[in-house]
Amino acid sequence: MSTLHPSGQELSLAPRAVSDEDEVLDEGTNGTGPLNRPKRQIPEPPLLNGHGPAKVIALCNQKGGVGKTTSTINLGAALTEFGRRVLIVDFDPQGALSVGLGMPAHMLDKTIYNVMIERSITVADAIIRTGVDNMDLLPSNIDLSAAEVQLVAEVGREHTLLRVLRPVVDVYDYILIDCQPSLGLLTVNALTAADGVLIPLECEYFSMRGVALLTDTIEKVRERLNPKLEITGILATMYDPRTVHSREVMARVVERFGDVVFDAVINRTVRFPETTVAGAPITVWAPRSAGAKAYRLLAREVIAREVAVREVTAR
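So for the sequence shown, our numbering puts the first residue at 1; every next one is plus one.
In short, the hints are calculated from the structure, not lab data. One or more hints might be untrue.
[Stated by the list, open to error] Across the chosen pairs, the derived CB separations fall in these ranges:
hint: 1; residue 1: Gly64; residue 2: Thr313; range: 33 to 41 Å
hint: 2; residue 1: Pro287; residue 2: Arg310; range: 25 to 33 Å
hint: 3; residue 1: Pro43; residue 2: Ser120; range: 42 to 50 Å
hint: 4; residue 1: Glu219; residue 2: Thr313; range: 16 to 24 Å
hint: 5; residue 1: Glu44; residue 2: Arg119; range: 25 to 33 Å
hint: 6; residue 1: Lys228; residue 2: Asp259; range: 17 to 25 Å
hint: 7; residue 1: Ala308; residue 2: Pro273; range: 33 to 41 Å
hint: 8; residue 1: His106; residue 2: Arg256; range: 37 to 45 Å
hint: 9; residue 1: Asp259; residue 2: Arg119; range: 37 to 45 Å
hint: 10; residue 1: Arg119; residue 2: Gly279; range: 30 to 38 Å
hint: 11; residue 1: Asp170; residue 2: Leu47; range: 16 to 24 Å
hint: 12; residue 1: Glu118; residue 2: Arg37; range: 47 to 55 Å
[Stated by the list, open to error] 25 Å max Cα-Cα, derived SDA-like pairs, lysine to any residue:
hint: 13; residue 1: Lys39; residue 2: Thr217
hint: 14; residue 1: Lys63; residue 2: Asp240
hint: 15; residue 1: Lys220; residue 2: Arg256
hint: 16; residue 1: Lys293; residue 2: Arg40
hint: 17; residue 1: Lys293; residue 2: Thr80
hint: 18; residue 1: Lys63; residue 2: Gly196
hint: 19; residue 1: Lys293; residue 2: Pro93
hint: 20; residue 1: Lys228; residue 2: Pro53
hint: 21; residue 1: Lys63; residue 2: Pro53
hint: 22; residue 1: Lys293; residue 2: Leu151
hint: 23; residue 1: Lys110; residue 2: Lys63
Ideal placement from N, C-alpha and C gives every residue a C-beta, glycine not left out.
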């Protein structure tokens, strides 16, 4: 995209090529990281003999602008670097996830809306390959906003997304659902279909207050619709180590939620807006950046927690 300066010189909005220099992750006080607690030993992800069944994770927070879409794209891309096959699901009528991967969402004929409403269209018909190997996309656009109204009269309306995803669960290792910023019927569908919830939490006071309402909704869904639903973890996003407010919120989050908070912390950086324009994950656009390293650490933590849960279940 470009425009003209009054002088007649063309100005481009496309991001410039990034530096190939390594960026250092924030080590915090005494090398403990921004969470100011001893860093946990995260094992290397085990190799896989095959793919599936998928762990379904909903990235959810009713507050907008906390990094749900950014985290869905970049966590998905980071998981593929560890040999995992990933499907990312755009479950927001704004279609930001699709746009963030360079897909013209408004021009797509088959989206998750069509799969949910039209029985003749299967999920395989709507899935698109992305520019990242082993990462596919189930896209969305503004049509999805009509689904919430159309599903109200349906029997078992909360299980619609679960029905949609069931045919591809054995194809992938992870299915990541990017939820809309609300706690309406679409989000309840995502929680009903999920095994776990990953909560991106902006390091800002009002974002922290909203987590209580979200955890209450998760508890209700667990009791009434999906007994296996658990909180996979809380991801601190948009952390600015230069501000006292960010550090205070981080301390409160760790105090309140303890080990549920991931060691990975996503700092504020210009890299993420650049990746949106570029239509690529940060692990591809700026692979040696601090943001890319943070999402790789998050991917390792997500895999480690899944392995730990499976070991406990197997006993």
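**Report entry** Hint check against the structure, violated hint numbers in rising order
**Finding:** Failing hints, ascending: 5, 13, 19, 21, 22 and 23.
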